[in-house]
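Note that the protein sequences, when read in sequence, are chains D and Z.
Take the first sequence: its letters are residues 0 to 339, numbered as in numbering that gives the first Met the number 0.
Take the second sequence: its letters are residues 0 to 372, numbered as in numbering that gives the first Met the number 0.
I should point out that these hints are in silico values taken from the structure, not numbers from a laboratory.
Possibly wrong hints are sitting among the right ones.
Between beta-carbon pairs, the in silico distance windows are [said to hold, decoys possible]:
id	chain 1	residue 1	chain 2	residue 2	range
1	D	Ala295	Z	Leu128	43 to 51 Å
2	Z	Ala323	D	Arg6	54 to 62 Å
3	D	Arg294	Z	Arg246	45 to 53 Å
4	Z	Leu278	D	Leu304	54 to 62 Å
5	Z	Glu91	D	Gly3	56 to 64 Å
6	D	Pro313	Z	Gly191	40 to 48 Å
7	Z	Arg246	D	Pro297	41 to 49 Å
8	Z	Glu64	D	Gly311	25 to 33 Å
Quick reminder that beta carbons are idealized off the backbone N, C-alpha and C, glycines included.
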Amino acid sequence: MAAGLIRLAHGSGGLLTQELVHSLFVRTLGDEELSRLLDAAVLDHSSALQAGSRLAMTTDAYVVDPLEFPGGDIGKLAVCGTVNDLAATAAQPLWMSAAWILEEGLEIERLRRLVFSMKEAAAEAGIRLVTGDTKVVPHGLAGGAYIGAAGVGIIPPGRDVGPHRIQPGDAILVNGTLGDHGMAIMLLREGISMDTPIESDCAPLNGLVEALFEVGISVHCLRDATRGGVGAVLCELALQSGLGMIVHEEALPVREAVAAACEILGLDPLFVANEGKMVAFLPASEAERALAVWRAHPYGRGAALIGEVAPGKPIVRLRTTIGSERQVRLPAGELLPRIC
Amino acid sequence: MTMLGGERGEVLGQYRSAEACRGLVRSIERLADGLRTARFMEFCGGHTHAIMRHGLRGLLPPNIELLSGPGCPVCVTAQADVDRALAFARLEGVTVATFGDMVRVPGSGGSLQEARALGADVRVVYSPLDAVALARSLRSRQVVFLAVGFETTAPGVAAALLQARKEGLANFSVFSLLKATPPSMCAIAQAGEVRLDGVIGPGHVSTVIGAKAWEFLPRDYGIGCAVAGFEPTDILLGVLELLRMVRRREPAVANCYPRSVREGGNAIAQQLIAAAFQLVDVEWRGLGFIPASGLKLAPDLAEFDAEHRFALPKATGEQGAHTACRCGEVLRGVLEPPACPLFANACTPERPVGPCMVSSEGACAAYYELGAA
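Could you build all of it, start to finish, from the sequences and the hints given here?
Structure, rendered in structure tokens:
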């Protein structure tokens, strides 16, 4: 297809739509099932399902602005978000869909880059993009492109993770530095540059999660710490499990540049978004082994033991570096920088 | 583009060292031993926030009380002014630009955030110069910058005004709710509602106006003032200095933030303020009208004064202040946030009744979000 811009006609269902679907989406993504262009993907699950296994399904919308950022773009983000949601239920991701809402005027070459990036991320995570959709909306309505994605995975027999399994005494682990994604986006939006550039941590974490199960760690709970950051995850899980949590400020892994940027904007890295961070709850006796497994994985090099589950009130307490203690609560509304 | 240094984290670490904090706390304990309760007001909301964030109260001996003061610009904005800000947002063809906290403050008829949801054009900016840039890119609209802040914010607004005049930007104007801080501290000391043994002076404001701006506190009211920074060791050092003054009965002004604050402050920033503003009597939430405490645009900048450019209905005083909200008392140091009947019940950061629960510098928000465990 000649270089150009997305026009409303690309969403009309006519020749232009067909051309876009064939020459851009199908050709770039290259999945066999997708290329059949049926109304629904028809999937053979016989090799994946065993007695006692369960299906996991998730859906998410991706609206990031800007579409491309250091460390990723909306295409990669949609795959990683879907994969990580599945991985957080201990599922092995298998299939996903992507519905693209394109804004009139989007450069077709840019779209091709985003779709290619989606394909690369999917290949890395081992998830197949088996069905999709494209719509075009008038200029000014979709910030370039939005993606609605859904994913299906299979939870092998014997795996049961969730807030109901969190126990007093459980160790709380995270696989690396906090707030990289949120801060990368915020600095880009605000036109602030750092001596050390901050890259989004956007990454598929199913391999990281599988690595724990492969060595037989009894994982109690997993949570993908995206919007609201690790802080929001802990506050939610305290309520859902009915247990208290203690976090050690000193143990929280935060990049120097992220810490500096947060300081200047008045934000707490604990509440800044991630796109490649998994919080894991597991027995304290297995924490060292789990840490070693994660640190040997490319997405877990900065893994840290950040706290533990305590009996008592379902609140999150932070032990500060200076030896005091305070409660961690969800911030209200948007994260806003302070004014003076 | 702004460049940020990379070594900031190491520098910060030094001011958050557990060992240094323990040493300061031990000195404070020695001086406080046997003393009747000493009550210090931290003027600045940034200090309240830092005190809560680092759990400093829990480290201090029980006979040292810290009270939060009026140093939160959004909080001290009078209800009538919030309502006028909303009125600007509702004008046809007007885009309102302001700092983040301001969009959530409830006025009598909703907040700017709610006005935005209903179609008003309200933009959050990080710097007054961003508002000038917005005016440049929105030539067909009038851009009104709601300037809320103290002497820290005023020089930036002054620079924006001077820039707009230089460019002849006819679609930019400022609604100034800027305020000068010493008059409010003076009003609190004068009212004598709370007995104060010392004041932790605002570090950022004093960087602009100078530590000597607080000399009236020991001179006229016998109250010591320690100007402090915002890291745990800065604040503990401020408390220690104030305790020394109490012990010796020698109230004075101590500059405990010399890495930022000079005796006479920042002359360039002061000149900018003097060039762009004139002091007028204005209303503060909770404190009433305070003489010569508001920074209104100077006469030769009147064409950029939003109040001058647009005809708004006359403000009718504290028309919205009929709720049980006790922000006024919180701002005067008379009431601790948890003692307000609305605190954490009817009033939360998600559904704030008063501004002290909204702003990141508001005492109620600090107590709510960072409360001791």
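Tested hints:
no.: 1; hint: Ala295/D / Leu128/Z: 43 to 51 Å; in the structure: holds, 48 Å
no.: 2; hint: Ala323/Z / Arg6/D: 54 to 62 Å; in the structure: holds, 57 Å
no.: 3; hint: Arg294/D / Arg246/Z: 45 to 53 Å; in the structure: holds, 52 Å
no.: 4; hint: Leu278/Z / Leu304/D: 54 to 62 Å; in the structure: holds, 56 Å
no.: 5; hint: Glu91/Z / Gly3/D: 56 to 64 Å; in the structure: violated, 38 Å
no.: 6; hint: Pro313/D / Gly191/Z: 40 to 48 Å; in the structure: holds, 44 Å
no.: 7; hint: Arg246/Z / Pro297/D: 41 to 49 Å; in the structure: violated, 58 Å
no.: 8; hint: Glu64/Z / Gly311/D: 25 to 33 Å; in the structure: holds, 28 Å
The structure fails hints 5 and 7 (numbered hints given earlier, in ascending order).
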